[in-house]
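Student: So the protein lines, in turn, are chains U and Y. The numbers in the first sequence follow our numbering, run straight up by one, and end at 541. The numbers in the second sequence follow our numbering, run straight up by one, and end at 541.
If you're looking for bench data, these hints aren't it; they were derived computationally from the structure. Among these hints, one or two may not hold up.
No distinction is drawn between identical chains; accordingly, a pair holds when it is met within one copy or between any pair of copies.
[Said to hold, decoys possible] Derived pair list, reagent style EDC-like, types lysine to aspartate or glutamate, alpha-carbon separation capped at 20 angstroms:
no. : residue 1 : residue 2
1   : K191      : D346
2   : K191      : E257
3   : K394      : E193
4   : K530      : D39
5   : K530      : E205
6   : K389      : D342
7   : K432      : E477
Spelled out from the first residue to the last, the chains are:
Protein chains: 2
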Amino acid sequence: MSNERVIYLPLGGAGEIGMNAYVYGYGKPGKERLILVDLGVTFPDMDSSPGVDLILPDVSWLVKRKNDLEAIFVTHAHEDHVGAVAHFYDRLGAPVYARAFTANIARRKMSEHGHPEKAVKTVSPWPETVKAGPFTVGFAPISHSIPESSGLVIDTPGGRIVHTGDFKIDMNPGVGEAFDPDMWREIAQPGVLALVCDSTNVFSKNEGRSESTVGPEIEKLIASASGMVAATTFASNVARVKTLAEAGERAGRSICLMGRAMKRMVEAAVETGVMKDFPPVVSPEDAKGIPRENLLLIVTGSQGERRAASAQLANGKYMGMTMTEGDTFLFSSKTIPGNERGVGRIMNQFSEMGVDVVDDSDGLYHVSGHANRPDLEAMHDLIRPQMVIPMHGEHRHLREHVKICNAKRLRGVLAVNGTMMDLSANTPTVAEYVDTGRMYLDGSVKYGALDGVVRDRIRMALNGHVSVNVILDENDEPLGEPWCEVMGLPELGKSNAPLVDVLEEDLSQFLGRANARTRADDDKLSDELRRVTRQSGMSEIGKKPEVTVIVSRMN
Amino acid sequence: MSNERVIYLPLGGAGEIGMNAYVYGYGKPGKERLILVDLGVTFPDMDSSPGVDLILPDVSWLVKRKNDLEAIFVTHAHEDHVGAVAHFYDRLGAPVYARAFTANIARRKMSEHGHPEKAVKTVSPWPETVKAGPFTVGFAPISHSIPESSGLVIDTPGGRIVHTGDFKIDMNPGVGEAFDPDMWREIAQPGVLALVCDSTNVFSKNEGRSESTVGPEIEKLIASASGMVAATTFASNVARVKTLAEAGERAGRSICLMGRAMKRMVEAAVETGVMKDFPPVVSPEDAKGIPRENLLLIVTGSQGERRAASAQLANGKYMGMTMTEGDTFLFSSKTIPGNERGVGRIMNQFSEMGVDVVDDSDGLYHVSGHANRPDLEAMHDLIRPQMVIPMHGEHRHLREHVKICNAKRLRGVLAVNGTMMDLSANTPTVAEYVDTGRMYLDGSVKYGALDGVVRDRIRMALNGHVSVNVILDENDEPLGEPWCEVMGLPELGKSNAPLVDVLEEDLSQFLGRANARTRADDDKLSDELRRVTRQSGMSEIGKKPEVTVIVSRMN
């Protein structure tokens, strides 16, 4: 028996929703030929990553083995699956395979980063396949919320793996192919080693609803609205954008797309021919000439993003359009946990303008793009794999998914980011734990999430900042008084004198009594000045600020 | 006819959920005698108020008229109604009236702040009343989630006002009196000028459920659990704490309360005799000696608060107790919008420990303490006021509440914080707009939300910070090189040299070419150094940092 093995190693997505990146390997231990499925991003927030622009998976492990990497396969064009492809092209170098629409989006990203568009290869759907070293990979159409979403059929000498990507079971998904149980049954026929399966909606207990149920409700809402209607959803939810546009058209309204992402997505869908029947749209300029009761704006910003079209409309104006009393604003979306405050802010701004805000709280205007628990079970039953490996979920989602497998006597394997599983053993076993994590893209720089940059920012946000400046002469005697500048701290403290005066006075007194050894030693002196400043802050304003000390010596 | 008038002026709570503070006045314009109903706080978040400890209403208007202020009436002991009482006692000085339990909590706060406990007066419930200038105020028991919650019956020479406080319609609320429709009908009998009414749950379309429906479900869950069970809810949801404890007792478990707030609340309830039948509890020390399958911990931290008992259990240990595989953790609570990430973090930590996490997603283990839309309508129907003034809600809640009034041909008045309404006119009219807002308690200092302190902190969190230090001699010539220290910025930028080196080099070059006039002018020089630093940051790391410049002159 050969000692070649099949390995599975999530670098992102297994332990979080977002930032998907899954490695598969085949070969002798440590010499496996590798492929990567998806290379996505996730988004920062003020609580844990202030000032960060984008969060990427740490692919250092893969970079070290870049010579073993045959190819990258992207299941669909959502940012959490394709978003990091261009960011790592120079470090990974592998060709990127995707179906036409996804490839179109990936190429735009490559080109924005100055990478060759031809690194992205367009593939045809299953039953066609791509050879990549020991792997043969097919893109099997699966229903989701964006065109040409695919589950991957990954054949290795060690067996077949089905990697679902994001999916739902929808027989009428609006865009993209309908879910095809017969095709999946056929794919499962030869026997499947592992089903690596979306877990996002594992806690949703009812069968998922079809995208097609949403359109009629939206049409009713628009038809009954007297003023202008604006609707928002994720631009990348191309299915919903189309549902909205068609509902608007049926309600007799002109459609106007607003927000760059919105236009880019529809453009890509039309360009690649995956959305031939999108209703005609008018430009924002032309929209101004149309009576408002005949207009439907479809806008970006369903998550309350501050710079998106919805936020700008809520602030008063976007591209010349304004919302006003009697208009309706529809959130055809789910608010992602953590975004509630931003969304609430926009709702209240519209409320102040007299605009009626409608959201999905009655369950009429949104359906999820992910498989709910019964749908996951249906997928298990179709594929009948030797094991299910839950992916794309926080720990609790993966664990719950394993539980529902176990309840059906199906082997469930819980493998979080960094867990390399050997799938070829009789019992799947942990082969190795690999260092993984997150990279932050911040301005034009990438650095590790644990590098301390963001930790210091959070500290300044919580505690404010003091710059302390001391100048010493050649005898280590202070030249003039210590100087402080504060940022993010109150002007006055307990003694009702300016905080900086109190800090400077305390620092000055400290310098007066500091001994020669302390004054002669930069590090020691800085530590002491920092300590005095923090102590003084504590007694004056009940708070220890962050402190930067600069000691200058005139000698 | 006299020109005396009845006024209503929300200083907090009308435009937000939390921070309730409502002024009523009676008298000649500008000379009204005043009372204040509730004086609560709201809580900061990292997005908008990093580092802040507590948010208080800005009561400057009331401070200016403190000689007109007869008294403060507190409807119930939740922090968003009573939390600011002690913070403003020295500025307002008015006596505080509340029922025994609320008064107990208020006195603890007074005493913590070194104020006299006797400033808090205990009152008996309706039909007893308190005279306060031209006002006669009665505390009419109303069901909520904490003992002795009351709606206020406020009689003025200009008519009767009913101020609901927070309420729900619950005939079996567990703690506190049941909702009593007959009493309210009687109160309404003489005619009510205005119903000032809770709006928190106006978007909930179904009738509210009774607290009594939750206990049996929780008991079932506990009875079926094999390991230890820990349950969390707001400590101030005294009704739920009791429901949990009783369910645990029925399931044959010993009850252990964990977290200071939890113990404080139950203590106050027992001390004041409002909760005579709370099950016996064991201390954390004793709990360690009890088999885990016989234990129910009731713990603080339902909102994912980092320092609460639940977070500490999720981190590994709290007061010697640890959760482990096979245990169950119950969130008997609703996650307040904005807290989802913190709650999710704890859920995942427990998941990693093998602890089963149960929340209210099936609607079994939590009910709200607020009146839903049909219950609000029932209250309108009971009171039949001349007008309804929605309070305690964001703008969209108040607006929706007005809408449901209008739909029933009942006058609804939308008055947000700072809107002084004259209620005595035939049509209620805006008498004045008053400056209101938020105060931040930050360490030991209070300052205005718009004072810029927090704005600067947010900027540092988003952009990082650079301290720039330049020393000039008596001829305005640089003494040595400029010195930079960075905080919250990456070490290396585009040129792959340390960021500080690049900044210092650019600053040095600038100083070399700066003209004498610039070098002689502190402000001008600082502005230029800041500009150069930000520009240099932009080109090196794609980001303009916040900059503190210190120019020292040796002369």
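Student: Against this structure, judge whether each hint is valid.
Tutor: So, going through the hints one by one against the coordinates:
1. K191 - D346: both (18 angstroms within a copy, 13 angstroms between copies)
2. K191 - E257: neither (38 angstroms within a copy, 44 angstroms between copies)
3. K394 - E193: within (18 angstroms within a copy, 38 angstroms between copies)
4. K530 - D39: The answer is between: 14 angstroms across copies meets 20 angstroms, while 29 angstroms in one copy does not.
5. K530 - E205: neither (57 angstroms within a copy, 46 angstroms between copies)
6. K389 - D342: Between copies only: 11 angstroms across chains, 43 angstroms inside a chain, cut-off 20 angstroms.
7. K432 - E477: So K432 and E477 pass the 20 angstroms test across copies only (11 angstroms; inside, 36 angstroms).
In terms of the numbered hints stated before, the structure departs from hints 2 and 5, listed from lowest to highest.
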